[in-house]
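Visitor: These protein sequences, in sequence, are chains A, Z, D, W, X and G. Under my numbering, read the first sequence as residues 25 to 346, first letter to last. Under my numbering, read the second sequence as residues 25 to 346, first letter to last. Under my numbering, read the third sequence as residues 25 to 346, first letter to last. Under my numbering, read the fourth sequence as residues 25 to 346, first letter to last. Under my numbering, read the fifth sequence as residues 25 to 346, first letter to last. Under my numbering, read the sixth sequence as residues 25 to 346, first letter to last.
I should point out that these hints are in silico values taken from the structure, not numbers from a laboratory. Everything numeric in this text was worked out from a predicted model, so none of it was measured. The reader is advised that the hints may include incorrect statements.
Looking from chain G toward chain X, a few residues come up when the C-beta cut is under 10 Å (computed) [as the list claims (entries may be wrong)]: (1) Gly234; (2) Pro267; (3) Glu311; (4) Ala312; (5) Trp335; (6) Lys336.
What follows is a set of in silico ranges between Cβ atoms, one per label pair, in the way DEER data are often shown [claimed, not checked]: (7) Glu337/G with Lys132/X: 21 to 29 Å; (8) Lys292/G with Glu278/W: 44 to 52 Å; (9) Lys106/X with Thr102/Z: 44 to 52 Å; (10) Asp169/D with Lys106/A: 35 to 43 Å.
Cut-off 25 Å, straight-line C-alpha distance, at most; resulting in silico cross-link-like pairs (DMTMM-like, lysine to aspartate or glutamate) [as the list claims (entries may be wrong)]: (11) Lys298/W with Glu196/G; (12) Lys175/W with Glu253/X; (13) Lys136/G with Glu124/Z; (14) Lys336/A with Asp169/A; (15) Lys136/Z with Glu124/Z.
Where is the CB? At the ideal position from N, CA and C, for every residue including glycine.
Number of protein chains: 6
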Amino acid sequence: MAVQAKTKKIYDDIRTLRIQGADEAAAAALEALRIEGLASKARNRKDFFSDLRASALYLKTVRPTEPELRNALRLVFTAVHKSPSDDVAELKHGLDKQVEKYEENLKKVRGKIAEYGARLVPDGGTVLVHCHSGSVVAVLKKAFDEEIDFKVFACETRPLYQGRKTARQLSEYGIPTTLVVDSAARLVLTRFMRDSDVVLVGADAITSEGDLVNKIGTSQVALSAFEHEKHVYSCAGTHKFDPLTLWGSGEPIEERDSSEVAVSGDFKLKKFPKALHVFNPAFDVTEAKYVNAFVTELGVLPPQSLVMAVWKELGLSEKQLI
Amino acid sequence: MAVQAKTKKIYDDIRTLRIQGADEAAAAALEALRIEGLASKARNRKDFFSDLRASALYLKTVRPTEPELRNALRLVFTAVHKSPSDDVAELKHGLDKQVEKYEENLKKVRGKIAEYGARLVPDGGTVLVHCHSGSVVAVLKKAFDEEIDFKVFACETRPLYQGRKTARQLSEYGIPTTLVVDSAARLVLTRFMRDSDVVLVGADAITSEGDLVNKIGTSQVALSAFEHEKHVYSCAGTHKFDPLTLWGSGEPIEERDSSEVAVSGDFKLKKFPKALHVFNPAFDVTEAKYVNAFVTELGVLPPQSLVMAVWKELGLSEKQLI
Amino acid sequence: MAVQAKTKKIYDDIRTLRIQGADEAAAAALEALRIEGLASKARNRKDFFSDLRASALYLKTVRPTEPELRNALRLVFTAVHKSPSDDVAELKHGLDKQVEKYEENLKKVRGKIAEYGARLVPDGGTVLVHCHSGSVVAVLKKAFDEEIDFKVFACETRPLYQGRKTARQLSEYGIPTTLVVDSAARLVLTRFMRDSDVVLVGADAITSEGDLVNKIGTSQVALSAFEHEKHVYSCAGTHKFDPLTLWGSGEPIEERDSSEVAVSGDFKLKKFPKALHVFNPAFDVTEAKYVNAFVTELGVLPPQSLVMAVWKELGLSEKQLI
Amino acid sequence: MAVQAKTKKIYDDIRTLRIQGADEAAAAALEALRIEGLASKARNRKDFFSDLRASALYLKTVRPTEPELRNALRLVFTAVHKSPSDDVAELKHGLDKQVEKYEENLKKVRGKIAEYGARLVPDGGTVLVHCHSGSVVAVLKKAFDEEIDFKVFACETRPLYQGRKTARQLSEYGIPTTLVVDSAARLVLTRFMRDSDVVLVGADAITSEGDLVNKIGTSQVALSAFEHEKHVYSCAGTHKFDPLTLWGSGEPIEERDSSEVAVSGDFKLKKFPKALHVFNPAFDVTEAKYVNAFVTELGVLPPQSLVMAVWKELGLSEKQLI
Amino acid sequence: MAVQAKTKKIYDDIRTLRIQGADEAAAAALEALRIEGLASKARNRKDFFSDLRASALYLKTVRPTEPELRNALRLVFTAVHKSPSDDVAELKHGLDKQVEKYEENLKKVRGKIAEYGARLVPDGGTVLVHCHSGSVVAVLKKAFDEEIDFKVFACETRPLYQGRKTARQLSEYGIPTTLVVDSAARLVLTRFMRDSDVVLVGADAITSEGDLVNKIGTSQVALSAFEHEKHVYSCAGTHKFDPLTLWGSGEPIEERDSSEVAVSGDFKLKKFPKALHVFNPAFDVTEAKYVNAFVTELGVLPPQSLVMAVWKELGLSEKQLI
Amino acid sequence: MAVQAKTKKIYDDIRTLRIQGADEAAAAALEALRIEGLASKARNRKDFFSDLRASALYLKTVRPTEPELRNALRLVFTAVHKSPSDDVAELKHGLDKQVEKYEENLKKVRGKIAEYGARLVPDGGTVLVHCHSGSVVAVLKKAFDEEIDFKVFACETRPLYQGRKTARQLSEYGIPTTLVVDSAARLVLTRFMRDSDVVLVGADAITSEGDLVNKIGTSQVALSAFEHEKHVYSCAGTHKFDPLTLWGSGEPIEERDSSEVAVSGDFKLKKFPKALHVFNPAFDVTEAKYVNAFVTELGVLPPQSLVMAVWKELGLSEKQLI
């Protein structure tokens, strides 16, 4: 598809992970939609929306596991489409507004999640986190601001060590944080956690069955937490809900390059024996039974309630415009 | 304690992990016991055993979590002590023989474990291994020699990546081996394992309750395997049984240096914010309920049977000479 | 109650299982309602609905465990009742239309279930089914049409061997299908299933607690699937929801004739020793915790969400007309 | 805060448990709100509501764990506030009406719970109850009235023996009731319960995660029931739902005086050795996974459905007037 | 191998299941060993044992899953071999005696199992049995003789309906017995069983991990019993222990002819669509965690104790004569 | 049976619980056996043992659930019987010695249990105990003597409040002890316990399946501990093993007088409505799967190992003299 140069760059940056994080990717995709929309040469409503739809569909293909990005494109498109106007200039203005509105809304969503999540942080207690999630960091900073006294254990999260980013951000903020290898999560649960101590993770996607798709390793931590009777919360706005799962589609699990696993010093791929391979899945699925609740902008909701809350809020319907 | 220079070196090498592996450490400690015993200036039986006991007790302190080393010293000491001789030269000769005998016996033990374990490897199936264990590698090579067709998933085993050693040794032998990050173990169980596929691990210590003390992360893999109804086997000679646990002592969990976790590139300890710490446990405990059986030189025995088998074989008694 | 001959025949055919399947029974009962309604001699609205209610109540008694039939009668009755008309002819016309509409709607429901369910069938995977369900067969045929490559294990489903019907229909369609005795379900799960492989069953009733009432044996298969971490889906339109359970009524479990169990050759009831009996329950209850989701026309919903979705869609209220 | 003498007395009676039971406390608090409202000297709408809000906020502090009381105050306040009137007399009249309406409504709620719950009582079966709950007693009496044949086991519920009150009320009504110590609940489940036998308890609060906060010991009974595959129902109107939990607040667990535990004869606190303490929590938390359903005025709903049903019914919103 | 005609017939009868039951097959194989031994033309000890070993090895191949048969041959061979005699006539006489002794011993074993097992039958209670086992029938008859009042539910055990044999034998003895389809086992557990009610099954083999290999379906019944907190006992002499499993060998699961599943009336294999297959496994594996104890001649022992008890009693050693 | 007055008094004191505790009861029964033996008028060996057996059998009937008492009588009887002497005076002397020896041995057993158990008490941790057990108190005092820093939660143990005795003894010794009602055990586990914190209980009997028969409520505490992944230890000498269970006998559960439950103030039995009853079981059964190990004089052994250890040590055989 012929697109603006900027759009192409955004597309590539998302695809190659130069733009990281689901929120960031969604924002970038909307930016690209705006660029394309404003650049449309359409003279009438019909043509404008035909152009806009094509751009949206193109942008939706950038990554397989990005419900937030797809939701963002669909929501903005639908909102612009609601305007009955036939004036393309007005529609372009509407597009501009809706993209802005989406971003403002996202900020509010994050604020709510931080607020609600902070109240779940146990005073005098311990929080175990896996990987890096902007929402989880926001929750913990908010709790710290409110003078809740707690400490954090952060799993380093191989292969890309995003847990280090979490650990650095929290400790720089003053929150006592202990870094552990991913394998030590169960021992941390056994040795240091009791009472209302919690596990906090983000979310890459939420399915209609209430399952959580998140960074590889999340399901192991959640299983151990379940075994130890500790609550597991996923901090995630409702825009992480993947409506396609409602109609039976599975959430694909991205596999990433083996060089991420086999990169250091003397352990490079090119030196590998023939029979040696690498399997490098980016996500795993934590079944609803291992998630106590999602911390969303609508409140703290168990998985099965979240599905209905999203439905109610978003008026989900299979007959969507894009 | 004043010891021979060689003995001191061996002691330090074990302590600083230059000598790695429980079998290797036990062999080295026996070597040191032999050096000390042969160097004894005692003129009579009483003095000789007084010297030998002192050496043995010194060597037992080298590491907290080494039942095999302690068992080896005790077994050899007791065997030499059984000789009624009053002739120190004869007793020294006996010491020499017993050290040799212990090592020969260890070789036989490994042979038996490899033989029995190989029969548990599923033809056409998949084996998941964690960390590096000489016994597990021996089992898998034996199975490969016997033309069993299987593939292996090896967890990389942070922080020291011993899983890479496993993966390299197996793949160089021709066994199809796939390396995964530790966090991916549960997904491997979900996606690739079924039927009689098994998890194989080694053992650092076995307690009288049948619990398995092994490399950090083992208990998470075993928990996931239990959740997926897959059998977990620990390949370990009965010399890994820690008799002290029979009398109530817990198995201490060694914590290792934080630099092992925070070592790479821009993530060094000295650059850490004040609030950032590292917790680096070397082992965790896999409860007996998550271990189907130990593969020992006596056969494939469930944890609770192993305790009794060791008792029966070794004639355990609290009144030990050392 | 005095009814038309045709109505009587339909009633008897449902009762004696000459008309089999919940959808078929519901359709037949509506047909009978239409017959009775059209035959009504009432001269005014009040009398007409009095007649119609009597017919509906009579038809509702035909079998104890048929929420779909009861739902169908109630929905059609309520829809006809909504017309404000006083003209009996018009009301009869309305009845005619509503019965038709119900059946059209049912067809659409089945189409949606087939579509959504087909997306849950794992490409390259395995599906385990129990008993015979039109919806499950439709799902699997749809998946086959869409060139998903899968195979099926079908439990034979004693005593009436409905699994053979499933196996025949699927294999005649070209889907590789393997028939097993009911007792072999757990071994099939152990030996042949992994990853996203699923268990698919139908539904005779769904309770407000999210429990699934279905053919005897379903709960054992679901329990084994749960133990093996496999997803269990019940393919069932929302018309299988029994609203009475919302108000505390239990779902009765029909017991059927012992001759179904003791019928073959030399094992007939009349030859039984006095102390020998047969217990032949038609259904069992699979608790919500063992059902991952229901595949309905509204989407793939976990049990607890389904309850709310039905409520929202159907506007359930205890104050119903019949 | 300066309040009417009667109000002060009510406040103190609730705080010191002279007024017992969540329904009773809520009713008393409303009574106090009415007293204060009617006594308001405000001349205009604004001042009246300022007074009323102050009273409501004061009354809300009386006990930490009383969502019903807080819900009652909020609902009545909001309803009065809806009147657009500027006439203080009219607003006072409205307050009067709303308090009455709340109480009438509560009566209806109890009637519905009794009706729906009674249908869950197994004919020929056994019911296990813990503590004293007006709703549970109402359910059992209703079932008895409807000639359901059942017997009850009642846990005595230390430290205040509220189970004796339950046992007395039921047995005086003619229901065969057996009193057991709290420790015997699991043995009762093992020895006497099967099939559709149930555990019935009340509720002090319900959280947005679907967890049940109820009298200490409830979670142990529910855990044992779960282990024995018996259904656990909490009989509780939706007014027991604590909306604050939706926004992340935990439900505080009240600790009560140690004299309740150490009161009898020779076992008084003042005679205690220095190292002897008492821990006397009033409630514990039964996680949603151990509760099959709540029996509410809206129907029998699983925990996760209840959250959404309350939301739908009550139009919950964080922006509340009080 | 050239064998006596009678031996050949016995061999074939065992192979084709004309001789059914593990005890019966073992007895027949010993009979054949006797025939061959007595017919030996050997003139000296060495030749005689060479002949006898050949016969024993031949007989051991008759079926893959028959540890009892293999144990019987090994035990008798070893016992005869112990005699130091060089006189072939004397050795033949010894063989004769040992075969007799084995059979007498088996009778005693059965008596002990009946005696111990009968004490586990709950007075006033219910027993659930799967398939047909001589030991289980003996236990129940013994309990009935001792005036224990109980009733039995027997699963019919597809495909060969051995449960009917059980039901007939028990009911003819006067024991109230109810036949159910295999799928109804879980409902029987839910509806009719409580307190010390038990599940009784036989055993085809017991592994060194304490797992029970028994008729297909056993593991589903045991899983449901475990879920319902009911004790599961396998009535089996220690001769069902398969010593090969101690050294790592798996117990093979026999697959039987598909005609057993697809045999009746209009459902014959030859009429099958091409895509329709049958999978007909004879056994499944019930993991040790689902078996409370084995009822053996040594007493009622949990799986892990049994392994050690057999070891102790039988002096198991890998270095066996045959 | 005609017995000495002192014997009669001992018998009655045991029966009416004036002599409390299994150790105390066993000692008293042996004392009575000694009295009776010494008072025997027999002139020869045969008559003496006939008398002694009669006395022993009489004493064994005093309480149904006392394996320790039965074991003590049997052990002493057997030991005396071993003497080949025909001289009654000598046999009486032997009886005297054996009773003494038994008691000395018991003291040693208790010492060992205290020693081994003390090593399981977590330094800086928490111990939860249920009921009163001399062994558990000895373990905790020993741990305190060894300067282990820990605190204890003690369940009060209705109906007889034996937990108060535990709490008093421990706190008087200086051990920080917190008393809770039995219902609070799970909350104590949730709120205060982590890492290697343990549950310690005594034992009234141990069965051959490894099940623990102990004070009512033990199984609930153990179930909650299992749910929270905490280790449960039963401190009990091997003399608590009931050999009769090896041969299939169940351990009877004593029911005690209802006045124990319904005793205080206004809640007396005579004031009860007709429909009000009390069920007052003295013990419950904690299944082997919920007990990590028994702390015995032989060491810390998992349930299934204990059975074999006892067998090995005690040379159990069904053919016992009494």
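Visitor: Is the interface hint satisfied for Lys336/G? The criterion is a beta-carbon contact with chain X at less than 10 Å.
Guide: 8 Å, holds
Visitor: 35 to 43 Å was suggested as the range; check whether the CB atoms of Asp169/D and Lys106/A agree with it.
Guide: 36 Å, holds
Visitor: Are Trp335/G and chain X close enough, Cβ to Cβ, to be under 10 Å, as the hint says?
Guide: 7 Å, holds
Visitor: If you draw a straight line from the CA of Lys136/G to the CA of Glu124/Z, is it 25 Å or shorter?
Guide: 36 Å, violated
Visitor: How does the Cβ-Cβ distance of Lys106/X and Thr102/Z compare with 44 to 52 Å: does it lie in that range?
Guide: With Cβ atoms ~33 Å apart, the hint is violated.
Visitor: Take a quick look at whether Lys336/A and Asp169/A sit within 25 Å of each other, Cα to Cα.
Guide: 33 Å, violated
Visitor: Are Lys175/W and Glu253/X close enough, with their CA atoms no more than 25 Å apart?
Guide: 22 Å, holds
Visitor: Do the numbers back the hint for Glu311/G, that is, is its least Cβ distance to chain X under 10 Å?
Guide: 8 Å, holds
Visitor: Are the Cα positions of Lys136/Z and Glu124/Z separated by 25 Å at most?
Guide: 19 Å, holds
Visitor: Could you say whether the range 21 to 29 Å given as a hint is met by the Cβ separation of Glu337/G and Lys132/X?
Guide: 26 Å Cβ-Cβ, so the 21 to 29 Å window holds.
Visitor: The hint names Pro267/G as touching chain X; please verify it with the least Cβ-Cβ distance against 10 Å.
Guide: Since the shortest Cβ distance to chain X is 9 Å, the answer is holds.
Visitor: If you take the shortest Cβ to Cβ gap from Ala312/G to chain X, is it below 10 Å?
Guide: 6 Å, holds
When each numbered hint is compared with the structure, violations occur for hints 8, 9, 13 and 14.
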